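Participant: For reference, the chains in residue letters:
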Amino acid sequence: MFPTATLVNYLHLCHRKLWLHANHIRMEHTSEAVAEGKQLHEHAYPQRTERYREITLDGSVIDFYDPYNKVVHEMKKSDKMEHSHIAQVQFYLYLLQKNGVEGATGLIEYPKLRQTQQVSLTEEDVPMVEGWIRVIEQLVDSEKCPGRIAKSKCRSCSYFDFCYVEELPE
Amino acid sequence: MKQPKYLFNAGRMSRKDNTLKFTPVDEAGVEEQPRYLPIEQVGDLYVFGSLDANSALYNFLGQEGIAVHFFNYYEHYTGSFMPREYLLAGKMQVDQTKHYMTAKKRIEIARRFVEGAANNILRVLKYYNNRDKVKDLTEAIVSIERLLVSVPTTTDVPMLMGIEGNIRQTYYGCFDAIVGQTFCMDGRSKRPPQNELNALISFGNMLCYTACLSTIYHTQLNPTISFLHEPGARRYSLALDLSEVFKPILVDRLIFRMINKRQLQPSDFRSEVGGCVLKDAARKRFVQGFDEQLKETIKHRALGRSVSYRHLMKLECYKLQKHLLGVEEYRPFKAWW
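Residue numbers (the numbering used here), protein chains in the order written: chain A, 1 to 170; chain V, 1 to 337.
These are computed hints drawn from the structure, not numbers from a lab.
Here the structure is a predicted model, which means the values were calculated and not measured.
None of the hints are false.
Computed cross-link-like contacts, BS3-like style, restricted to lysine-lysine with a CA-CA straight-line distance of at most 30 Å: (1) V:K322 / A:K153; (2) A:K144 / V:K334; (3) A:K144 / V:K105; (4) V:K299 / A:K153; (5) A:K153 / V:K91; (6) V:K98 / V:K322; (7) V:K322 / A:K151; (8) A:K144 / V:K91; (9) A:K151 / V:K334; (10) V:K314 / A:K144; (11) V:K5 / V:K295; (12) A:K151 / A:K112; (13) V:K91 / A:K151; (14) A:K38 / V:K5; (15) V:K314 / A:K38; (16) V:K91 / A:K38; (17) V:K299 / A:K151; (18) A:K38 / V:K322; (19) A:K153 / V:K2; (20) V:K314 / A:K77; (21) V:K314 / A:K151; (22) V:K190 / V:K5; (23) V:K104 / A:K144; (24) V:K295 / A:K153; (25) V:K16 / A:K38; (26) A:K38 / V:K2; (27) V:K2 / A:K77; (28) V:K284 / V:K190; (29) V:K314 / A:K153; (30) A:K38 / V:K21; (31) V:K295 / V:K190; (32) V:K98 / A:K144; (33) V:K295 / V:K322; (34) A:K38 / V:K295; (35) A:K153 / V:K334; (36) V:K322 / A:K144; (37) V:K284 / V:K133.
For the chain V half of the interface with chain A, some residues (derived, Cβ under 10 Å), not all of them: (38) Y86; (39) K91; (40) M92.
All residues carry an ideal CB built from backbone N, CA and C; glycine is no exception.
Go ahead and model the full structure; you've got the sequences and the hints to work with.
Facilitator: Following this line, the structure appears as structure tokens:
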């Protein structure tokens with residue numbers, strides 16, 4: 001299975017989340033954060049030009065691609081810039097390059113922060129992205145679900161209840 | 001927030017744009033003022049009265065993932081309209097099946113369900129044993145504790161079912177001590193229940209079963225592959241397994257509470273050839289009581305926040321999923337209050 005951009009994002013967040021998602025054990029339907037992200041996607045930039053397109057490459061969906069300036073726009077509802085967001089966009093750029101689009105760049109938009117982040121894919125970055133792909137394939141092929149990470153960010157994850165529910169001894 | 005809707009009156013349900021329209025019909029067949037239910041607020045539909053609906057409505061409900069549970073005139077659960085599965089996970093399904101097929105793995109989970117049920121039964125009995133008005137239940141408690149200890153020694157499901165049966169029999173034997181002034185248990189009778197208390201237990205258990213079924217529907221578990229109960233052709237038997245754990249806490253405690261507060265009295269029932277059934281107003285009160293019980297919250301110790309009883313069912317599914325995926329061993333929910 002060739003990884004999707006979502007899995008690349010999760011690779012940098014939590015391996016268990018990656019494994020569960022890849023095995024279709026998903027919690028998005030219970031998540032308010034996902035519903036919020038969807039709302040943001042639909043309403044944040046109403047005057048966004050019509051020439052931006054949604055394109056699908058090797059199973060990954062780029063929501064807004066500007067084919068004239070070769071810019072991938074990725075919108076994040078997060079109020080914090082994360083390394084995983086950059087990784088996700090670099091993966092899009094890798095996919096574009098693989099499909100014959102040279103020199104594309106990325107722009108991550110944080111409407112809540114009113115900030116943007118430029119992303120590029122240099123020649124040295126390519127082996128790094130290919131390394132991610134190999135690690136994801138290994139993780140997904142594994143029979144065993146990776147352990148949970150003990151991080152404060154778990155609280156806002158849609159898998160929080162799944163990961164943390166247990167019966168405590170009396 | 002999605003909430004279950006209970007339809008006690010006869011009427012017609014239809015789709016009006018993206019909203020449900022319910023038009024009650026009185027006994028003379030005259031249509032009354034319609035009521036509108038916004039679809040995003042509807043969890044499940046429970047149909048007690050006679051419902052008139054067309055396929056356009058069911059297509060709509062199916063698309064929105066809303067289940068419809070039907071009860072007949074005798075308050076007996078007759079079946080559910082379950083929308084198409086929307087959370088399919090091949091690995092989960094395969095692992096669930098493997099655990100059913102391997103006898104050793106199956107009995108491990110089955111034992112946990114019995115253990116969970118017994119622990120919650122004991123919690124209920126111990127609570128009532130502290131009451132002055134209630135006759136001493138110590139003997140029953142000790143004997144259930146003894147039966148519980150023998151659960152890990154069971155080697156197959158019929159043997160385990162035998163112990164489970166003994167636990168339940170001892171438990172039902174205590175009901176007279178708890179509500180004996182008003183009602184008489186006279187043994188557990190089903191299909192049809194022969195007296196008021198049995199009618200309440202049967203009805204409550206069916207409500208608990210449908211709540212579990214709906215919860216399972218919103219997870220990747222397959223509701224037909226079960227461990228304690230034999231997977232049946234007609235029943236969603238995993239919902240039966242799961243409801244074992246919750247019945248004492250959700251159903252039995254509610255019955256005792258409503259009787260002891262005189263919210264249910266002998267005059268609320270009618271005896272018919274088909275058995276004993278609740279009268280309309282009392283049935284409504286009981287369903288309302290059950291619904292409130294599901295909404296009630298407790299502080300969850302592992303999650304560190306308040307969760308509703310309904311959410312506890314969901315959490316039970318998560319624990320089971322983790323067991324099946326080999327993440328961590330399933331331990332049943334045990335009321336600690």
